[in-house]
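Number of protein chains: 2
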Amino acid sequence: MTSAPQAGPEGTPALGEAAATGTGGAPAARAVPEATVARLAVYLRMLGELAEQGTDTVSSDELAAVCGVNSAKLRKDLSYVGSHGIRGVGYEVGPLLHHLESTLGLTHRQSVALVGIGNLGHALAGYGGFGGRGFPVTALFDVDPDLVGIKINGILVDHVRDIPHVCRERDVTIGMIATPAPAAQGACDLLVRAGVSCILNFAPVVLQVPEQVEVRKVDLAVELQILSFHVARRHLAEREGLDAVNGHAVVRS
Amino acid sequence: MTSAPQAGPEGTPALGEAAATGTGGAPAARAVPEATVARLAVYLRMLGELAEQGTDTVSSDELAAVCGVNSAKLRKDLSYVGSHGIRGVGYEVGPLLHHLESTLGLTHRQSVALVGIGNLGHALAGYGGFGGRGFPVTALFDVDPDLVGIKINGILVDHVRDIPHVCRERDVTIGMIATPAPAAQGACDLLVRAGVSCILNFAPVVLQVPEQVEVRKVDLAVELQILSFHVARRHLAEREGLDAVNGHAVVRS
DNA sequence: GCAACTTTGTGCACGCGTTCACGAGCGGCT
DNA sequence: AGCCGCTCGTGAACGCGTGCACAAAGTTGC
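As they're listed, the protein sequences go chains X and D. Just so we're aligned: the first sequence equals residues 1 to 253 in full-length UniProt numbering. Just so we're aligned: the second sequence equals residues 1 to 253 in full-length UniProt numbering.
It is worth saying that the hints were derived from the structure and are not from the lab. Every value quoted in this text rests on a predicted model; they were computed, and no experiment measured them. Check before you lean on any hint, since a few could be wrong.
[To be verified] Going by beta-carbon spacing under 10 angstroms, a handful of chain D positions derived as facing chain X: (1) LEU44; (2) GLY105; (3) LEU106; (4) GLY118; (5) GLY129; (6) PRO164; (7) ARG168; (8) CYS198; (9) GLN208; (10) LEU224; (11) HIS230; (12) VAL231; (13) ALA232; (14) HIS235.
Quick reminder that beta carbons are idealized off the backbone N, C-alpha and C, glycines included.
Just need the whole structure built from these sequences, with the hints factored in.
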């Protein structure tokens with residue numbers, strides 16, 4: 001456990017609950033699998049759409065179909081967070097939506113700080129999808145003197161060196177790093193020093209962080225390379241298929 | 001299998017290789033786990049950095065440490081693609097790098113089309129990290145008349161209706177969707193009709209696609225919500241921990 | 001009030017991915 | 001040349017996540 005597992009896409013080992021609460025008053029969720037958490041967010045979004053459409057109740061089959069998952073998986077996911085569906089009917093959209101929001105910690109607005117106002121950072125700063133979903137970007141940072149001092153969407157860009165001060169002041173809980181790769185670790189260190197315990201990293205580096213800090217990595221180049229692999233594999237398969245038809249064994253050209 | 005599995009983060013079932021080549025001339029990779037492919041891309045990047053630094057050989061332990069993974073996992077990952085390390089020494093950086101590039105299909109440049117030139121789309125279009133890594137964005141699309149006709153980074157923005165024509169003309173193999181949610185399925189359908197078989201979807205919807213088409217989903221809001229969950233869990237744990245210290249059992253306030 | 005249908009919640013088995021541990025092979029040293 | 005130490009490659013066990021299938025429970029219709 002010396003190097004950070006750096007949970008990007010796939011799973012962290014588990015969510016080992018440390019606190020040893022004996023009886024426990026509330027039916028607090030015990031240990032929710034990481035994969036489940038990711039899906040809960042999807043369920044939540046779809047429930048929101050259903051609520052807007054005025055739908056009152058929804059069955060696990062219906063919701064699962066919309067979310068593109070197995071219905072049994074959905075029910076199990078919801079059972080992890082102690083959901084109370086109504087047998088013979090389904091789930092009440094409103095209460096379930098509220099429950100998931102609570103579980104995901106969306107009842108309190110989470111201030112987000114963004115470090116690195118380059119191409120991607122600028123887009124993230126202006127992206128409406130965050131503020132609208134309870135994640136207002138309240139702090140922007142960069143090192144470029146041309147950027148420090150300007151405002152984006154009404155938010156002033158501060159210098160990176162002020163991260164600890166500003167983040168504490170604005171009660172930032174989540175940091176996003178969209179700097180070039182070489183600057184990412186430095187930005188990360190400053191965020192950690194500011195007390196930020198969750199970081200979304202867009203830079204193509206593996207961040208070194210203390211154990212308590214949670215890092216998720218989004219790497220667009222990697223995503224493309226995965227797709228590229230599939231393209232290559234497909235081409236290969238096609239060619240092999242053709243050869244198999246022609247000759248019945250792969251022959252070196 | 002009626003609804004699309006929509007492999008975003010975590011895994012697709014497998015990569016069932018259809019072709020039944022008896023003996024097989026080349027040591028073609030059999031069935032590479034999806035998770036492994038994602039890591040191969042990371043290894044590749046780190047190998048590139050090592051090559052720039054002039055490093056000649058690297059052991060699995062060293063490379064694994066840099067990539068933030070277990071060394072055994074790294075060796076197994078490389079064995080999936082039939083890598084030839086040197087026992088007692090390690091891996092030769094140059095050859096391995098070339099081999100991985102070949103495996104991931106990066107030897108041929110893959111044209112990328114981007115649909116939706118909003119906030120995020122604009123950033124993706126201007127993001128240098130793609131072209132520099134063998135994924136030149138060669139086509140841009142939107143429906144907004146104010147955007148159609150302008151150039152971004154030298155690429156003309158075409159109307160979405162021209163997707164099939166333009167994509168075939170420019171031999172696009174990968175499509176990226178950065179439209180608002182309601183427009184995503186339509187954009188996807190057009191890309192599929194254009195013969196694009198791999199799609200990177202940034203819109204928060206589950207795309208319906210034919211079986212042969214590979215979709216990966218990147219959902220920034222979901223990423224933040226996952227982090228938010230961890231924040232909430234941590235706060236909860238802290239409070240429980242405090243209560244446990246104070247009282248030794250959770251008491252309703 | 002009872003029976004039949006619907007839908008949730010979950011125990012269980014299967015399969016994939018990860019991890020450990022060890023044998024196999026290669027280079028360097030004497 | 002032979003031995004020693006190092007590192008790759010991989011067989012096997014473990015653990016997690018997924019999917020099936022069924023019992024429990026609630027609702028509707030008669």
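Original post:
At a threshold of 10 angstroms, is the proposed contact between D/ARG168 and chain X supported by beta-carbon distances?
Top reply: Nearest chain X Cβ about 15 angstroms off; hint violated.
**OP:** Hold the hint about D/GLY129 up to the distance rule: shortest CB distance to chain X must be less than 10 angstroms.
**Re:** Since the shortest Cβ distance to chain X is 5 angstroms, the answer is holds.
Subject >> Residue hint D/VAL231, partner chain X, criterion CB-CB below 10 angstroms >> reply: The hint holds - D/VAL231 has a Cβ within 10 angstroms of chain X, the shortest such distance being about 5 angstroms.
Original post:
How about D/ALA232: closest beta carbon in chain X under 10 angstroms, or not?
Top reply: holds, 3 angstroms
Subject >> D/LEU44 as an interface hint toward chain X, with CB separation required under 10 angstroms >> reply: holds, 7 angstroms
**OP:** Double-check D/HIS235 for me: the hint is only fine if its C-beta lies closer than 10 angstroms to a C-beta in chain X.
**Re:** holds, 8 angstroms
Original post:
Can we keep the D/LEU106 interface hint, with Cβ of chain X closer than 10 angstroms?
Top reply: holds, 6 angstroms
Original post:
Per the CB criterion, is D/GLY118 less than 10 angstroms away from chain X?
Top reply: Where the cut-off is 10 angstroms and the nearest Cβ of chain X is about 9 angstroms from D/GLY118, the hint holds.
**OP:** Closer than 10 angstroms between Cβ atoms is the bar; does D/LEU224 clear it against chain X? Give me holds or violated.
**Re:** holds, 5 angstroms
Original post:
Can we keep the D/GLY105 interface hint, with Cβ of chain X closer than 10 angstroms?
Top reply: holds, 3 angstroms
Subject >> Closest C-beta approach of D/CYS198 to chain X relative to 10 angstroms, hint status >> reply: holds, 4 angstroms
Original post:
Against chain X, with CB atoms and a cut of 10 angstroms, does the hint on D/GLN208 hold up?
Top reply: Since chain X brings a Cβ to about 9 angstroms from D/GLN208, closer than 10 angstroms, the hint holds.
Comparing the model with each numbered hint stated earlier shows that hints 6, 7 do not hold.
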